[in-house]
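> Sequence:
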Amino acid sequence: MPEIKSNSLATMAVASSALRAQQGRMRVIAENIANANSTARTAGGDPYRRQIPVFKPTQVQGAEGVQMLRVDPDKSDFKSEYDPGNPAADAKGYVKTPNVNTLVEALDMKEAQRAYEANLNVIETARSMEARTLDILKK
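To convert, note that position 83 of the sequence shown is 459 in our numbering; the numbers rise steadily by one, no gaps.
Heads up, some of the hints might be wrong.
DSS-like cross-link-like pairs, simulated, lysine-lysine; straight-line CA separation at most 25 Å [unchecked claim]:
#1 K432 x K451
#2 K486 x K432
#3 K451 x K472
The set of hints was computed from the structure by calculation and includes no laboratory data.
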């Protein structure tokens, strides 16, 4: 009987690397959303700064997958609001607020969820194809 090579393991490894990367991305997005309304602990201090996941290609099972390399701070400017009674207000009465836009974060979360689901579908399809191939070979 001839040897049959399967790319199923590589396919599943690539998809699972993407699952881990998207899971990390969703954690970062959740942290951004959770801190969207926070302020600094000290008067005139900087509040929470939005975080951005950085991905890189990586080799898995002889194919190219992905991994979250690190999380970088978003360098965009903070917003400021006039609230002189706030303990975090500066000498002029302005409070810096995080550079997090919850609408953008919600859209990023939806995109990450869809990418996660798509990679789950890849794994399920690969499993199903392998099972079907084994059924055919048994006959």
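> What are the numbers of the hints that this structure violates, sorted from low to high?
none
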